[in-house]
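K.L.:
Taken in order, these protein sequences are the chains called A and B. Under the working numbering, the first residue of the first sequence is numbered 1, with each subsequent residue one higher. Under the working numbering, the first residue of the second sequence is numbered 1001, with each subsequent residue one higher.
Any given hint might turn out to be false.
A few chain A residues that face chain B, going by a derived Cβ cut-off under 10 Å, partial list only [said to hold, decoys possible]:
| hint | residue |
| --- | --- |
| 1 | Arg66 |
| 2 | Arg69 |
| 3 | Ser123 |
| 4 | Phe125 |
| 5 | Arg130 |
| 6 | Tyr131 |
| 7 | Thr133 |
| 8 | His134 |
| 9 | His135 |
| 10 | Ala289 |
If you're looking for bench data, these hints aren't it; they were derived computationally from the structure. Note that CB positions come from ideal geometry on N, CA and C, so glycine has one too.
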Amino acid sequence: MSKETEAQRIVITGCGLTSPLGDDLATMRAALLRAEASIENIEMRHMGTVHAGVCHFDARRWQGRRELRNGTRAGSVAIYCAREAVADSGIDWDSVEKPRVGVYLGITEHGNVETENEIHNISQFDYDTRYWTHHHNPRTVANNPAGEVTLNMGITGPHYTIGAACAAGNAGIIQALWMLRLGEVDLALAGGVSESIHTFGIFAGFKSQGALARHDDPNKASRPFDKGRNGIVVSEGGAVYTMERLTDARARGAKIYGEVVGYHINSDAVDAVLPNAERQTQCMGAALAKAGLTAADVDIVNTHATSTPQGDIQECKAVRAVFPAESCPRTRVNNTKSYIGHAMGAAGALELAGNLPSFDDGIVHPTINVDDLDPECDTGNLVLNEPARADDGVRIILNNSFGMLGINSSLVVKRFAD
Amino acid sequence: MTKEECKQVVLEIIEEIAPDEDLEGLSHDVRLRDQLDLDSMDFLDIVMELRKKHGIEVPEEDYPKLASLDSCAEYLTPKFNAVKAGA
Chain A
1 MSKETEAQRI VITGCGLTSP LGDDLATMRA ALLRAEASIE NIEMRHMGTV
51 HAGVCHFDAR RWQGRRELRN GTRAGSVAIY CAREAVADSG IDWDSVEKPR
101 VGVYLGITEH GNVETENEIH NISQFDYDTR YWTHHHNPRT VANNPAGEVT
151 LNMGITGPHY TIGAACAAGN AGIIQALWML RLGEVDLALA GGVSESIHTF
201 GIFAGFKSQG ALARHDDPNK ASRPFDKGRN GIVVSEGGAV YTMERLTDAR
251 ARGAKIYGEV VGYHINSDAV DAVLPNAERQ TQCMGAALAK AGLTAADVDI
301 VNTHATSTPQ GDIQECKAVR AVFPAESCPR TRVNNTKSYI GHAMGAAGAL
351 ELAGNLPSFD DGIVHPTINV DDLDPECDTG NLVLNEPARA DDGVRIILNN
401 SFGMLGINSS LVVKRFAD
Chain B
1001 MTKEECKQVV LEIIEEIAPD EDLEGLSHDV RLRDQLDLDS MDFLDIVMEL
1051 RKKHGIEVPE EDYPKLASLD SCAEYLTPKF NAVKAGA
């Protein structure tokens, strides 16, 4: 293979994450294979008790107390994940050319937390805006989480966030792929982050929409594909990857988690909130075509399914259309939100992390909490409640992530092989 | 309120907004920004905390008067006492 072609091959060489299941990949993977969810009940301003996926990472590991006080939760999640990714990658950070590093982070939304907090703050002062903080604008500009990473790490290359609703985690990775292929940067820190459990508006919005999960046991509240599912569990979290051109990764003898071989993003252009199976089908098909693969090549399909009655059915319809069980005997379909809830802008990147270790261990983690499978969600190849061993190993993962305003994204990642 | 008490209030605010800074051994007559890692946003935090916690308004043209602990005490002590008397 020519050097030029190799330089177009983009690989994942490091992973930093925080999730309700833990703050590193090994801990998260272990919980997934134990089929253990981690959802808590938290008290939410104006709403009372709600279910949420909460992260407990040590923010002080990489940030001073003043930096934490001045920054945002999304920024803190992003810094933790980016720092951990670099540490995991084995890159000698001091010798990295900082103008050649790009930070591309997917977000569902940003600024709601700070705006709600400030409105609450001035409500204590009879809505006198003299008490509105001067930190509001730097905290709420849309590039905030990525910008905080650059400030913390001294990165002088490009940084921005990609607003793509709940497809954003995949979109961050796709952006990095493009920028590396274009030669704009040599190292990308890419993925997605979410601070959404700190804004009551997200919870209240889903509740008004009839899409907020409730269950006596919070760990059973997120239950995609189960007949009893009744909505979304909102979570915070983040996953950031170091991504490099294969030539660079090889040159430094990097551990390679996987190669991003295919992707696609499209739009439903139908409805602001209701998903569309036809466009999702097209999105998965286009991602496979770019990868030069067929559906039967795929070992794991990570579904976006959020545990809403309608959304899960639409996605399963699309998955059945692309991966009919009878002609795709290798393909297994799973879901990670049943453990961690919906990590919004982080979902795509975090769920990919959940599946990446399957390249090494050959195990497909199940979707859990399926006591009574909804026949309309039965794709014929779902891995339910118990992990499944892939007899021939896992070679290809297709990672779905969809979002409001009808945005769909599919990412295809391949186990690295020369 | 004495000037020394006023300095203590200012130090408590700085301790809160710059918790990583060591406030021991500060020179009272040297600019705070020459001794501590304080940026313009931190400085505005001091102004905001004076407003929120103590009802003291510092107009923008008077910001230079908050440069050192000594100048803070000189400028703020009468304001603290005025607020106290008003209450």
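K.L.:
Could you tell me which of the hints above the structure violates, numbers in ascending order?
P.N.:
Going through the list in order, the structure violates hints 3 and 10 and respects the others.
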